[in-house]
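Going down the list, the sequences are from chains W and G. Everything in the first sequence is counted per this note's numbering, starting at 1 for the first residue and increasing by one. Everything in the second sequence is counted per this note's numbering, starting at 111 for the first residue and increasing by one.
No incorrect hints appear here.
Interface residues of chain W toward chain G, partial, derived using beta-carbon atoms under 10 Å:
1. Phe88
2. Leu98
3. Phe100
4. Arg105
Negatives, chain G to chain W, calculated, CB over 12 Å:
5. Lys121
6. Val122
7. Ala123
8. Lys124
9. Arg125
10. Gln127
11. Gly138
12. Asn161
13. Asp173
14. Glu178
15. Ser183
16. Thr186
17. Lys188
18. Gln194
19. Ser197
20. Leu226
Label pairs and their calculated CB-CB ranges:
21. G:Pro206 to W:Glu54: 21 to 29 Å
22. W:Ser20 to G:Glu162: 38 to 46 Å
23. G:Gly113 to W:Leu93: 22 to 30 Å
24. W:Gly53 to G:Leu226: 43 to 51 Å
25. G:Glu162 to W:Glu15: 46 to 54 Å
26. W:Ser82 to G:Thr186: 31 to 39 Å
No wet-lab data here; the hints were simulated from the structure. Beta carbons: idealized from backbone N, C-alpha and C, even for Gly.
So you can see what is in the structure, the chains are spelled out below.
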Amino acid sequence: GQQLNQSPQSMFIQEGEDVSMNCTSSSIFNTWLWYKQDPGEGPVLLIALYKAGELTSNGRLTAQFGITRKDSFLNISASIPSDVGIYFCAGQLYTDKLIFGTGTRLQVFP
Amino acid sequence: GAGVSQSPRYKVAKRGQDVALRCDPISGHVSLFWYQQALGQGPEFLTYFQNEAQLDKSGLPSDRFFAERPEGSVSTLKIQRTQQEDSAVYLCASSPGQGATNEKLFFGSGTQLSVL
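Modelling step: build the complete structure from the supplied sequences, incorporating the hints.
Next comes the structure, spelled out in C-alpha cells:
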C-alpha cells in the first residue's frame with residue numbers, strides 16, 4: 001500500500017533540544033495531519049493543517065503545510081521525556097482515507 | 111465506553127486458522143475504518159464503512175480478508191486461513207461524520223495478531 005516518506009527514521013536527542021522532522025509525498029493532499037503513537041496504543045492527533053503554507057502551533061509543537069501540497073514539517077521545541085514515541089504524518093484528500101507516513105521514532109535522554 | 115474499544119488485545123493463531131477481530135466504535139459514530147500496521151511501519155488503510163455500508167474495501171490485501179458492520183455499530187474483521195505475513199497490529203478508528211473528519215477521528219489501541 002501507499003505510504004508517505006518520513007525523515008529522519010529515528011532521532012536520539014537530549015532533553016531540552018529542539019526536533020525537526022518532515023514528510024513528503026508524490027501526490028498532493030489538501031489536508032496534512034500529524035499523529036503521535038505510544039507503545040501499545042493507537043495514534044493520537046497532534047495537529048491538523050488545511051491550507052498550503054499554513055503554520056499551526058499546539059503548545060511546543062509547530063507544523064507547516066508545504067506550499068507544493070506535497071510535504072509537511074513538524075517541529076518540537078524544548079523536548080521533554082514524555083515526547084518519546086513515534087510520530088506519523090498523514091495526508092488526506094477531502095474526506096478520503098488517511099495515507100500515513102513511515103514514522104519517525106523519537107527518543108529523549110535526560 | 112468513552113473510546114474505541116478493540117478485542118482481543120492480543121491474538122496468537124496457528125497458520126491456516128481463521129481469526130475474528132472486533133471493534134466497538136464510539137457510540138453514534140457514522141464512519142468506521144480498519145487499518146493494518148506492520149512492525150516498524152505506519153498504519154495502512156484496509157476498509158471503510160459508513161453506517162452498515164462498506165464504501166471502500168480497496169485496501170484489503172486478499173480475498174481472505176473480510177469485514178462487516180451489519181447494524182452500523184460494531185464491526186468485525188475476519189481473516190481466513192491466516193498466513194505469517196498477516197502478523198500485524200490491526201487498528202480500528204471511528205468518526206461521527208461521513209469520511210475521516212480529522213479532529214474527531216479516534217483510534218482504538220489495536221489488536222496485535224501473531225501468526226505462527
